[in-house]
Amino acid sequence: QVQRDLNVAVAEFTELKQQLERDTLVLSILKKLQEFDTAIKEYNTALLEKKYVAAAQQLEKARSSLNMLESRKGFELKILKALGTELTVQTQNMLYHLGEEWQKLAVWKLPPSKESSSLESAMHSELHLRTVPSKEEEIAGPPVASVLQAFAVLGELHAKLKIFGQLLLKYVLKPLISYPSLQPFTEEQSDVFILRFKSEEPNLDHFSPMEVFDKIKLIFEVLHKYLLNVPLEQPAEDKKECRLTLAELLGDMIWEELSDCLIQNCLVNSIPTNSSKLEQYIEVIKSTEEFEKALKNMQFLKGDTTDLLKYARNVNSHFANKKCQDVIVAARNLMTSEIHNTVKITPDSCVTLPRLPDPGAGDHLKMQKTSKLLPNDMVNLENETKLSQYTFSLPTCRISSSVEKLMELAYQTLLEATASTDQCCIQLFYSVRNIFQLFYDVVPTYHKENLQKLPQLAAIHHNNCMYIAHHLLTLGHQFRYRLTNILCDGAATFVDLVPGFRRLGMECFLAQMRVQKGEILERLSSARNFSNMDDEENYCAANKAIRQVLHQLKRLGKVWQDVLPVNIYCKAMGTLLNTALTEVVTRIAALEDISAEDADRLYSLCRTMVEEGPQVFTPLPEDDKNKKYQEEVPVYVQKWMTFKELMIILQANLQEIVDQWADGKGPLAAEFSAAEVKSLIRALFQNTERRAAALAKIK
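For the record, in the sequence shown the residue sitting at position 155 is 155 according to the UniProt record's numbering, with numbers rising by one throughout.
Don't read these hints as lab results, they were simulated from the structure. Certain hints may be false.
Pairwise CB distance ranges, derived in the manner of DEER restraints [said to hold, decoys possible]:
1) Q103 x L218: 16 to 26 angstroms
2) N653 x K448: 49 to 59 angstroms
3) G99 x R22: 41 to 51 angstroms
4) K558 x R690: 22 to 32 angstroms
5) Q478 x N543: 52 to 62 angstroms
6) R22 x N67: 16 to 26 angstroms
7) P634 x D659: 13 to 23 angstroms
8) V343 x T474: 13 to 23 angstroms
9) E622 x R690: 46 to 56 angstroms
10) D496 x A674: 50 to 60 angstroms
11) S190 x G84: 40 to 50 angstroms
Below 27 angstroms or equal to it, Euclidean Cα-Cα: the simulated DSS-like pairs (lysine-lysine) are [to be verified]:
12) K162 x K293
13) K160 x K109
14) K170 x K215
15) K225 x K174
16) K310 x K286
17) K697 x K665
18) K217 x K296
19) K678 x K571
20) K162 x K215
21) K310 x K296
22) K104 x K217
23) K310 x K277
24) K31 x K104
25) K109 x K217
26) K162 x K174
27) K109 x K170
28) K174 x K296
29) K225 x K109
30) K109 x K215
31) K293 x K277
32) K293 x K174
33) K448 x K571
34) K51 x K160
35) K215 x K296
36) K198 x K215
37) K61 x K32
38) K571 x K558
39) K286 x K104
40) K215 x K286
Don't be surprised by glycine CBs; every beta carbon is placed ideally from N, CA and C.
Please construct the entire structure, taking both the sequences and the accompanying hints into account.
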């Protein structure tokens with residue numbers, strides 16, 4: 001009986017417990033529904049009174065209650081869907097009201113056109129900020145804080161501020177950084193603060209960063225005072241230790257883009273181009289520090305150092321980079337300028353060298369001490385004959401003025417390097433090396449067509465390369481003791497570039513020589529092999545060919561005059577005249593039959609070459625000075641004597657030819673082989689016993 005009663009009691013207890021749990025659950029759900037209902041009612045009341053923060057908090061309470069109800073598994077109410085819809089509607093209603101208020105708080109008046117990058121459009125941009133209303137006006141409109149905090153409570157503030165931040169960057173901050181003449185000015189009225197812009201003539205093309213920072217600071221001060229000095233009151237559930245402000249939130253959104261713009265459009269332009277101005281840059285670093293400090297005080301920036309300040313402090317590196325970039329750009333502009341604008345250099349002339357201090361002030365003392373140790377009667381072993389002071393000088397010639405400027409740029413850059421920090425010194429030194437490597441690559445390619453077509457340019461380019469090579473021999477040595485220690489141990493040299501430059505100049509000039517040689521041979525090919533000169537037509541063709549060759553050589557002599565060094569000029573003209581003479585000798589020596597009239601006419605043609613050939617040697621503009629080189633033609637023209645011996649043969653009788661041969665020891669034997677002389681005798685003389693006797697003596 002007891003057991004049965006016990007079982008009944010247990011069953012009743014279990015049922016009552018389940019009923020209690022069910023009732024408790026129902027009660028908690030009803031409580032949450034009541035909380036939801038109360039929150040919505042209080043929200044409506046607060047919204048009517050324009051207490052936006054309270055209204056937003058009630059909405060969040062309602063959302064929290066609904067989330068709790070939806071999280072109960074196994075207990076689903078149809079009403080929840082309706083409540084969710086109601087909450088969404090009320091949230092959107094609230095956001096609409098807040099949006100309306102926000103539009104009154106910050107009003108943008110932007111230019112109608114889509115072009116936002118011009119100075120004109122920047123001047124037509126305005127920002128109107130509603131000032132905080134006084135106590136009498138509070139009923140008419142809520143203060144800034146309540147609108148912005150309500151947005152924060154609803155989680156919509158970030159989106160609103162992002163749009164505001166982008167407009168601020170696009171229409172206010174970036175134009176102020178980009179246009180030196182743009183100035184902000186403010187106007188305060190009873191309930192609105194207006195920010196406008198006007199254009200004033202700037203003092204400089206690139207104004208100082210200090211002016212830019214002042215303008216940007218003014219904008220942030222206005223925003224801080226009238227709009228953004230508002231703490232974000234977080235809802236109770238979201239426990240955060242620190243209280244964010246709107247300024248900090250906006251700063252996080254736009255600072256990275258703003259600092260990039262400040263660096264690219266302001267600090268980059270302020271980097272000095274001369275090491276002497278580096279010390280003055282401390283002012284820029286200080287003003288950057290003060291600018292950041294002001295933004296931190298207004299809470300736009302957090303505590304740590306930003307990229308902007310790091311960039312300003314790293315001025316030495318930026319100076320080196322900018323200097324190197326400027327040097328290379330200047331060098332490239334010189335390389336792509338016209339080659340034919342020339343200056344004359346003589347052994348006395350040199351690059352306007354900077355005044356370099358004596359590398360070793362201590363070297364003098366060492367010399368004196370050493371000399372004291374030497375006995376008085378020591379014999380001086382120094383050779384009495386001294387080298388000329390011009391032994392290692394570049395001969396007189398013409399070079400492009402751009403190359404002279406390029407060399408001056410190299411010297412000035414190296415001088416700049418001597419006064420710079422170690423890192424900057426190394427960068428500048430290698431920039432100078434890069435100048436010459438760039439010349440090696442750019443000039444032959446950029447001026448390729450002209451160097452092939454115009455013999456004068458080829459000669460100037462040859463001189464340019466030799467001039468650069470000449471300076472590269474000693475350039476590193478001149479600065480060796482004044483560059484940083486890292487470069488002092490033999491690294492500061494340009495000697496390795498010398499062979500390449502000499503080869504570059506020679507190859508260009510030799511290519512031009514080949515072109516000229518080809519033209520000479522082509523002209524002589526129209527002389528009909530100098531055969532049958534008794535035919536008037538043939539004689540005219542040969543005479544024309546000779547005249548054309550002489551004309552070509554005279555023209556070349558003029559364009560190379562005063563350009564090439566005299567020795568190079570004489571060698572070049574001698575080589576080309578030699579080409580013409582060799583071709584004429586070869587053609588005449590190959591003839592099988594030369595009549596007396598032919599011989600006379602051939603002699604006449606050769607006499608033209610001998611008389612006018614030396615006249616192509618005009619290395620100097622003064623005619624009287626050229627006579628010396630015209631008399632030295634046999635020195636530069638290898639086949640000159642051969643040609644003169646050929647002329648003698650054309651006019652001589654058999655006995656005179658035999659005398660000129662003189663058993664293989666005469667002047668004729670020095671220029672022609674026995675076979676060639678025999679061939680000429682057979683062509684010139686008929687087959688007689690005298691000819692046979694003469695031929696027998698030529699061996």
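CB-CB spacing for L218 and Q103 relative to the 16 to 26 angstroms hint
At roughly 24 angstroms between Cβ atoms, L218 and Q103 fall inside 16 to 26 angstroms, so the hint holds.
Compare the distance between the alpha carbons of K162 and K174 with 27 angstroms, and conclude whether the hinted pair is satisfied.
This hinted pair holds, its Cα atoms lying about 16 angstroms apart.
Take the C-alpha atoms of K109 and K215, compute the straight-line distance between them, and say whether it is at most 27 angstroms.
holds (20 angstroms)
K217 and K296 were given as a pair; does the straight-line alpha-carbon distance stay at or below 27 angstroms?
holds (11 angstroms)
What's the verdict on K293 and K174, does the C-alpha distance respect the 27 angstroms limit or exceed it?
Holds, at roughly 21 angstroms.
For a C-alpha distance cap of 27 angstroms, please report whether K310 and K277 respect it.
Satisfied, since the Cα-Cα distance of roughly 19 angstroms is no more than 27 angstroms.
Do the Cβ positions of Q478 and N543 conform to the proposed distance bound of 52 to 62 angstroms?
For Q478 and N543 the Cβ distance comes to about 58 angstroms; the hint holds.
Okay, K558 versus R690 on CB: inside 22 to 32 angstroms?
Violated: the Cβ-Cβ distance is about 49 angstroms, outside 22 to 32 angstroms.
Return holds or violated for the Cβ distance of R22 and N67 against the range 16 to 26 angstroms.
holds (22 angstroms)
Against the 27 angstroms threshold, does the CA-CA distance of K170 and K215 hold or violate the hint?
holds (15 angstroms)
Would the hint linking K571 and K558 be met if the CA-CA limit is 27 angstroms?
Given pair K571, K558 holds - Cα atoms ~15 angstroms apart, limit 27 angstroms.
Is it true that the CA of K109 sits at most 27 angstroms from the CA of K217?
The given pair, whose Cα atoms are some 21 angstroms apart, holds under the 27 angstroms limit.
Hints 4, 19, 24, 39 from the earlier list are contradicted by this structure; the remaining hints agree with it.
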